[in-house]
Amino acid sequence: MKTLIRLCLFLGILASSITAAAPPNIVIIFIDDMGYGDIGPYGATKQKTPNLDRMAIEGMKLTSFYAAPVCSVSRAQLLTGCYGPRIDVPGVYGPGGASGLNPNEHTIAERLKERGYATMCIGKWHVGDQPEFLPTRQGFDHYYGFPYSNDMQRKSTESGLAVMPLLRDDKVVEVLTDDQQSTIVKRYTDEAVRFITENKDKPFLLYLPHTAIHTPIHPGAAFREKSGNGQVGDWIEEIDWSTGRVLDTLRDLKLAENTLVIFTSDNGPWLIKGADSGSAGPLRGGKGSTWEGGMRVPTIAWWPGKIAPSSKVDAVAGTIDLLPTAVALAGGTVPDQPVIDGRDISPILLGKTQTSQRDAHYYFSGYQLQAVRQGPWKLALVPQNETMGQPAKPDAANKTPRLYNLDAEIGEQTNVADAHPEIVVKLTALAEKVNAEIGGTKPTARRPAGKVENPVTLYPSEARKPSAKDKKK
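Numbering-wise, the sequence shown is residues 63 to 535 according to the numbering used here.
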């Protein structure tokens, strides 16, 4: 009898230890073109974001979290933990292009599949639309979404209408007109709830890169003219609803305390879109620039019971850190080779430190290293365009290098380089080292992008007419 009791106690302790050691689910909600000032926790007042407000109250705001200036680079960085130039992803991929994220790179999905995770990508992919580059070839068990930005419509040769292809795994299951894009947030959200529900008994990675709020703006019918801030505000409120539904699903299924959710954006607001653009809040610049407004994005981390509620951290971190963080939380380690640039930020998320896990952060535009940040100091090395479609202003065009103290002035207006020559020297040396590795035209440590021969669009479509810019090339 005593032996039986001891056996039962042992099995109970064993089961308890296994449960305690269960790896967390990872959910990454990635918004398109959302600016630093677009949601309530970061100062938005026109549109209401009650679910994100609650998420921040229950979780952590990361106020110095960085993406990249444009879509494809930002996605490649999140997926691989590498700066865009290291993996030869400098700009934006279009439909039917020959280049994409190299299948030889190791994505966050592949690293977590090695740990037994179910994986799904739902939403905008945009790191290559050829079969070799699609999510199901990059570690995701399943995919549902648009393969690129929602303004990259091509005219269907069958209907003559400009449409976007909607994929299920690697097949086009539907083509959507602009008006039909108003259903896309709901479709993505329904898929996310289904995936979570079907995989509630195993660890999972859900990567949810929304099409919203990229132009053209198409909020769902239930959200139109409701925000008081035009259609972009309406779409932000729909994103808030979607995020709330994902979080509620985790709560209802008793998964919340074993799930890390990261809500963030791929770059700053597309300011030249006027009323259809978001807001960078107090930051200078927007999408397409290496000013803070182009790359510093609103970010909330949520993990009830693990992340301290209403916490706020200004340590420098970014999308390149999500892969090593997820792997570490899953009980694994990222190999030394191939080299990645991100670092495990779980000590920050779990309240063990408020110090950045990287020595510096580097601001690339294409292959050009334009700035470097260490602590509060940001050194701009070259002239910086104000945003996509707007050239550099005189204060940014006529003097380099320029040094900004972001703690003292988040809006990057006052150049203090002359007052701190020692900081300029220190950051210049950091920049020169990284630039020699992966920047410019003669890098020593850049890995090649993926390439295919004879690329085609995913559905029969008319060739795009060359633009005036194309004709100048």
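For the record, the hints were derived by calculation from the structure and aren't laboratory data.
Be aware that one or more of the hints could be misleading.
The calculated PhoX-like cross-link candidates involving lysine-lysine, where the alpha carbons are at most 25 Å apart (straight line), are [unchecked claim]:
| # | residue 1 | residue 2 |
| --- | --- | --- |
| 1 | K123 | K368 |
| 2 | K335 | K455 |
| 3 | K123 | K461 |
| 4 | K414 | K455 |
| 5 | K108 | K414 |
| 6 | K110 | K248 |
| 7 | K374 | K414 |
| 8 | K108 | K175 |
| 9 | K316 | K175 |
| 10 | K248 | K262 |
Distance windows between CB atoms, simulated [said to hold, decoys possible]:
| # | residue 1 | residue 2 | range |
| --- | --- | --- | --- |
| 11 | P278 | H482 | 42 to 48 Å |
| 12 | K233 | P165 | 46 to 52 Å |
| 13 | G222 | T259 | 27 to 33 Å |
| 14 | K217 | A160 | 39 to 45 Å |
| 15 | K262 | K504 | 15 to 21 Å |
| 16 | K455 | R307 | 23 to 29 Å |
| 17 | A491 | D457 | 21 to 27 Å |
| 18 | A160 | A224 | 19 to 25 Å |
No residue lacks a Cβ here, since even glycine has one placed at the ideal position from N, Cα and C.
Checked hints:
1. K123 to K368: Between K123 and K368 the Cα gap is close to 14 Å, so the pair holds against 25 Å.
2. K335 to K455: With a Cα-Cα distance of about 19 Å, the restraint between K335 and K455 holds, given a limit of 25 Å.
3. K123 to K461: Violated, at roughly 34 Å.
4. K414 to K455: Given that 25 Å is the threshold and the Cα spacing comes to 41 Å, the pair is violated.
5. K108 to K414: Violated - the C-alpha atoms of K414 and K108 are around 35 Å apart, more than 25 Å.
6. K110 to K248: Distance ~18 Å between K110 and K248 Cα, so the pair holds.
7. K374 to K414: holds, 13 Å
8. K108 to K175: violated, 41 Å
9. K316 to K175: holds, 23 Å
10. K248 to K262: OK: K248 and K262 at ~21 Å, within 25 Å.
11. P278 to H482: 42 to 48 Å: The hint (42 to 48 Å, Cβ to Cβ) holds, given that P278 and H482 are roughly 45 Å apart.
12. K233 to P165: 46 to 52 Å: Violated, since K233 and P165 (Cβ atoms, about 18 Å apart) do not stay within the stated range.
13. G222 to T259: 27 to 33 Å: For T259 against G222, whose Cβ atoms are near 40 Å apart, the range 27 to 33 Å is violated.
14. K217 to A160: 39 to 45 Å: violated, 21 Å
15. K262 to K504: 15 to 21 Å: violated, 50 Å
16. K455 to R307: 23 to 29 Å: Hint violated: Cβ distance 42 Å, outside 23 to 29 Å.
17. A491 to D457: 21 to 27 Å: Since A491 and D457 have Cβ atoms about 25 Å apart, the given range 21 to 27 Å holds.
18. A160 to A224: 19 to 25 Å: Holds - the Cβ-Cβ distance for A160 and A224, about 23 Å, lies within 19 to 25 Å.
When held up to the earlier numbered hints, the structure conflicts with 3, 4, 5, 8, 12, 13, 14, 15 and 16 and fits the remainder.
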